[in-house]
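Participant: So the chains spell out like this:
Number of protein chains: 2
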Amino acid sequence: MASRSPESAASVAETDGSVQIRHLEVSDREKGFLPLLSQLSACPELTASEFAACFADLAALGDDHVILVAEDSAASAPERRILATGCLFVERKFLRGGGKVGHVEDVVVDAAARGRGLGLRVVRRLVEIAKEVGCYKVILDCTPELRAYYAKCGFVEKGVQMAIYF
Amino acid sequence: MASRSPESAASVAETDGSVQIRHLEVSDREKGFLPLLSQLSACPELTASEFAACFADLAALGDDHVILVAEDSAASAPERRILATGCLFVERKFLRGGGKVGHVEDVVVDAAARGRGLGLRVVRRLVEIAKEVGCYKVILDCTPELRAYYAKCGFVEKGVQMAIYF
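Note that the protein sequences, when read in sequence, are chains V and D. Numbering of the first sequence is given in my numbering, commencing with residue 121 and proceeding in unit increments. Numbering of the second sequence is given in my numbering, commencing with residue 121 and proceeding in unit increments.
It is possible that part of the hints are untrue.
With a cut-off of at most 30 Å between alpha-carbon atoms, the simulated DSS-like pairs for lysine-lysine come out as follows [stated by the list, open to error]: (1) D:K151 <-> V:K151; (2) D:K272 <-> V:K251; (3) V:K272 <-> D:K257; (4) D:K220 <-> V:K151; (5) V:K257 <-> D:K251; (6) D:K278 <-> V:K251; (7) D:K251 <-> V:K278; (8) D:K272 <-> V:K151; (9) D:K251 <-> V:K220; (10) V:K278 <-> D:K220; (11) D:K151 <-> V:K272; (12) V:K220 <-> D:K220; (13) D:K257 <-> V:K257; (14) V:K257 <-> D:K151; (15) D:K251 <-> V:K272; (16) V:K151 <-> D:K257; (17) V:K257 <-> D:K220; (18) D:K278 <-> V:K278; (19) D:K272 <-> V:K278; (20) V:K272 <-> D:K272; (21) D:K278 <-> V:K257; (22) V:K251 <-> D:K220; (23) V:K220 <-> V:K272; (24) D:K151 <-> V:K220.
Keep in mind that the hints were calculated from the coordinates and are not lab data.
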């Protein structure tokens, strides 16, 4: 990341060059948010009302759920697209005196925008937010090939991820 | 697991032999719940009111946060202890049409009660609950040594866990 906003990472959008990192807005459905996610995993289109309902469910979690997006802010308004995204949700525990753990999920960069560091900027902001809201750690799961990528944000390998698909 | 309750895994406690698997109750503070968790990671004691506040915060998440405990139900009431625990929290996503992912966390069995399959019973119940509430997958992170343990519950290795500790 070329520069870091001096303001609160949780509350202030960051613009660096032609791309702005900010919180997801409900209007981002029209800017290609779901097709971007579909580059990561199955993500069928949602109607505007379905999208708004999902957005509201997640927004109701307040600071415990943050979705950041990287928007192509140099384009004229009708042309602006979401180029990258990543999510942080905060898990509360009895461990560590009622501690919090940040989970980074659903990080993806548009295939045509890779190599510009947008994913790293999103992830670094999510890590800053996790620290600001009092998490004692932040974790994520990835494929072995992405170890070096996340190491650039300060992550170190900690264990293995196991899964059951229903 | 020797037997499976025919009733809803989400709503009905399971008793198998001398140990009952049930949801955490606020009175479990007096049954050694926090010292049990401290066998997993740092878990300072909480006062009764701190414990109740943490319990209420998590209970407010409803079906999106479940803590199961295994209680030594053969003991006389004042002697009953929590022998094992595990937690499921449900993450909501835009992916998969507003899909849900279950995260299994904080699984621990009391050192004196290991080898009786209590952890596996807790984890299998958490997996059942994840399926019942509509998760499309359930995931957990563990050390490489525990791969075979979780494989007994149907988990397969999927990726690597990365972490930053603040």
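Participant: Next, verify each hint and record whether it holds.
Facilitator: Outcome of the hint check:
| no. | hint | verdict |
| --- | --- | --- |
| 1 | D:K151 <-> V:K151 | violated, 53 Å |
| 2 | D:K272 <-> V:K251 | violated, 36 Å |
| 3 | V:K272 <-> D:K257 | holds, 29 Å |
| 4 | D:K220 <-> V:K151 | holds, 24 Å |
| 5 | V:K257 <-> D:K251 | holds, 28 Å |
| 6 | D:K278 <-> V:K251 | holds, 27 Å |
| 7 | D:K251 <-> V:K278 | holds, 27 Å |
| 8 | D:K272 <-> V:K151 | violated, 44 Å |
| 9 | D:K251 <-> V:K220 | holds, 25 Å |
| 10 | V:K278 <-> D:K220 | holds, 24 Å |
| 11 | D:K151 <-> V:K272 | violated, 44 Å |
| 12 | V:K220 <-> D:K220 | holds, 20 Å |
| 13 | D:K257 <-> V:K257 | holds, 24 Å |
| 14 | V:K257 <-> D:K151 | holds, 28 Å |
| 15 | D:K251 <-> V:K272 | violated, 36 Å |
| 16 | V:K151 <-> D:K257 | holds, 28 Å |
| 17 | V:K257 <-> D:K220 | holds, 23 Å |
| 18 | D:K278 <-> V:K278 | holds, 14 Å |
| 19 | D:K272 <-> V:K278 | holds, 22 Å |
| 20 | V:K272 <-> D:K272 | violated, 35 Å |
| 21 | D:K278 <-> V:K257 | holds, 21 Å |
| 22 | V:K251 <-> D:K220 | holds, 25 Å |
| 23 | V:K220 <-> V:K272 | holds, 23 Å |
| 24 | D:K151 <-> V:K220 | holds, 24 Å |
Of the numbered hints listed earlier, those contradicted by the structure are 1, 2, 8, 11, 15, 20.
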